[in-house]
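Listed in order, the protein sequences are those of chains A and B. Reminder that position 216 of the first sequence reads as 216 in the numbering used here, one-by-one numbering, no gaps. Reminder that position 9 of the second sequence reads as 9 in the numbering used here, one-by-one numbering, no gaps.
Mixed in with the good hints there might be a few duds.
As the list claims (entries may be wrong) - With a Cα cut of at most 27 Å, we get these calculated BS3-like pairs of lysine-lysine:
{"id": "1", "chain 1": "A", "residue 1": "22", "chain 2": "B", "residue 2": "250"}
{"id": "2", "chain 1": "A", "residue 1": "119", "chain 2": "B", "residue 2": "250"}
{"id": "3", "chain 1": "B", "residue 1": "87", "chain 2": "A", "residue 2": "307"}
{"id": "4", "chain 1": "A", "residue 1": "221", "chain 2": "A", "residue 2": "265"}
{"id": "5", "chain 1": "A", "residue 1": "289", "chain 2": "B", "residue 2": "87"}
{"id": "6", "chain 1": "B", "residue 1": "250", "chain 2": "A", "residue 2": "129"}
{"id": "7", "chain 1": "A", "residue 1": "63", "chain 2": "A", "residue 2": "11"}
{"id": "8", "chain 1": "B", "residue 1": "250", "chain 2": "A", "residue 2": "63"}
{"id": "9", "chain 1": "B", "residue 1": "87", "chain 2": "A", "residue 2": "142"}
{"id": "10", "chain 1": "B", "residue 1": "87", "chain 2": "A", "residue 2": "11"}
What the hints assert, rightly or not - Restraint ranges, calculated between C-beta atoms of paired labels, are given here:
{"id": "11", "chain 1": "A", "residue 1": "14", "chain 2": "B", "residue 2": "126", "range": "49 to 57 Å"}
{"id": "12", "chain 1": "A", "residue 1": "305", "chain 2": "B", "residue 2": "177", "range": "46 to 54 Å"}
{"id": "13", "chain 1": "A", "residue 1": "307", "chain 2": "B", "residue 2": "103", "range": "27 to 35 Å"}
What the hints assert, rightly or not - Short derived list, chain B residues pointing at chain A, Cβ under 8 Å:
{"id": "14", "residue": "90"}
{"id": "15", "residue": "97"}
{"id": "16", "residue": "99"}
Because the hints were derived from the structure by calculation, they are not lab data. We put the CB at the ideal spot given by N, CA and C, even for glycine.
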Amino acid sequence: MQLAIEITGLKKVYKGGFEALKQIDLSVQQGDFFALLGPNGAGKSTTIGIMTSLVNKTAGQVKVFGHDIDFELETAKSFLGLVPQEFNFNQFETPMKILVNQAGYYGVPRMIARQRAEKYLKQLDLWDKCDEASRSLSGGMKRRLMIARALMHEPKVLILDEPTAGVDIELRRHMWDYLRELNSQGITIILTTHYLEEAEMLCRNIAIIDAGKIVENTSMKALLAKLHVETFVLDIAQGSTLPETLDGYALRQVDDHTLEVDIEKTQSINGVFAQLTEQGVNVLSLRNKSNRLEELFVTLVANNNLKARGE
Amino acid sequence: MMSRNRIALSSILHKEVHRFLRIWVQTLVPPAITISLYFVIFGSLIGSRIGQMGGFSYMEFIVPGLIMMSVITNSYSNVASSFFSAKWQRNVEEMLVAPVPNWVIVAGYVGGGMCRGMMVGLIVTVISLFFVDIQIHNVWVIIATVSLTSAVFALGGLINAIFAGSFDDISIIPTFILTPLTYLGGVFYSISLLPEFWQGVSQINPIVYMVNAFRYGFLGISDVSLWVSFAVILTFVAILYTIAMTLITKGIGLRS
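One chain only, chain A, in its complex shape:
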């Protein structure tokens, strides 16, 4: 399958000497749903900025569907749709005018642009706001407006930089469904997010970037398979005496009614229940302590920091 994005030896040194990207290599397959994760200041937005020509690169090569941004910038840009992290539309314009103008920048005639604007505003539940000043929209509506704007020229690659930041849970789930729908239509999606659960639920492939370096670039499945230990939280019924240890398992007492148990991939959770039942402990409920990807993410970033310090 064709590569949608191919990044080779990409380097960025900002004025003042800060090295935001240290010769990274990255590729995204056409049709992929790809997550680019990293802590704040890791280089995610710089990478996206270079791809979309908002940031000048220092060295390296970026190709979009085989078109090098150094030689065929306009062709490369025509494939990309960007939903940036910050609201960056004219707050005094109406959503309809913002969308129609944006389509115009890509050469979409005004009449077609108006039809597309209506389609996307309806799909994203903004149609009733189409003629209101965009500054009056709520945060969630502004995010959806930026998604609609990025889709106006029907891009082959949609890049979303923290698209669900500040969006409530219900709306976030609607946006996930919408992004899945776009991906199923063949649009390649590249997503940066701080909600690791979001990346785990949506993305097939993932790259983790830290301090300007790619520390992991693999499939989500392969990455999650690296997780050796999961922590479960057990809510215990009142009246039960909490055990201090469980044979073969790491156990911690959080409070009078809560236990945490670490279970390795090779172990069965049945063993925990067997021992608790034997001791007369009544378990009311069970849940994962934290997002699995989050644990991996923290581990990978911590390892990278150790390497950087030469430890």
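Given chain A's structure and the hints, the job is docking chain B onto it.
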């Protein structure tokens, strides 16, 4: 490709014209009031005591200069404020991420500035008809001068906005450079009235050539050669366009 660029250009132009029409109370009314006051005070009240200048009444003499003054300030300030505002709100990124060639961005903003400059010029011309009967010596000279001059100052406004880091920065050039050059550019007097030394100094002021070429279009008189005036204006268009293109291509003030 040409079709895409044409649509992109018309989108930027449409956006720019719509912007200044939407806020017409801020963009079209103030210059009309200011120039009306100039007509009343300098033309009717003081002008009637000054007598003739270059064979014309003082009012007839200053009308072309005042029209040109409003064209200059409005074409400049339109692009300076609009482009800086787009930079400040970051919606300039809408164009930067799109396959819009840099010349289209420059042409779109400059075209918007020219439209406002010429629209204000037209309003001021209509107002001047209440004070004086305007004669037209050569309409093509008028059209060519007003178009090229508004292009020069729209380009100047764009360069100012590219460099500007705050709203204060877009008022420095108009206040400290543009206004003095305009007032000393022969709007209110013929430079032939100045001592020889100051006549020479005036000739390094580009606005002298613009005002005189414009006045020639109305009255058929000019302190400087018409061809020299056009050569100077065209040179400024070429130089400022090259600077604006270089800045946008390098991403100065736009890309990190």
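Query raised in the report: Checked against the structure, which of the hints given earlier come out wrong?
Result: 2, 3, 5, 6, 13
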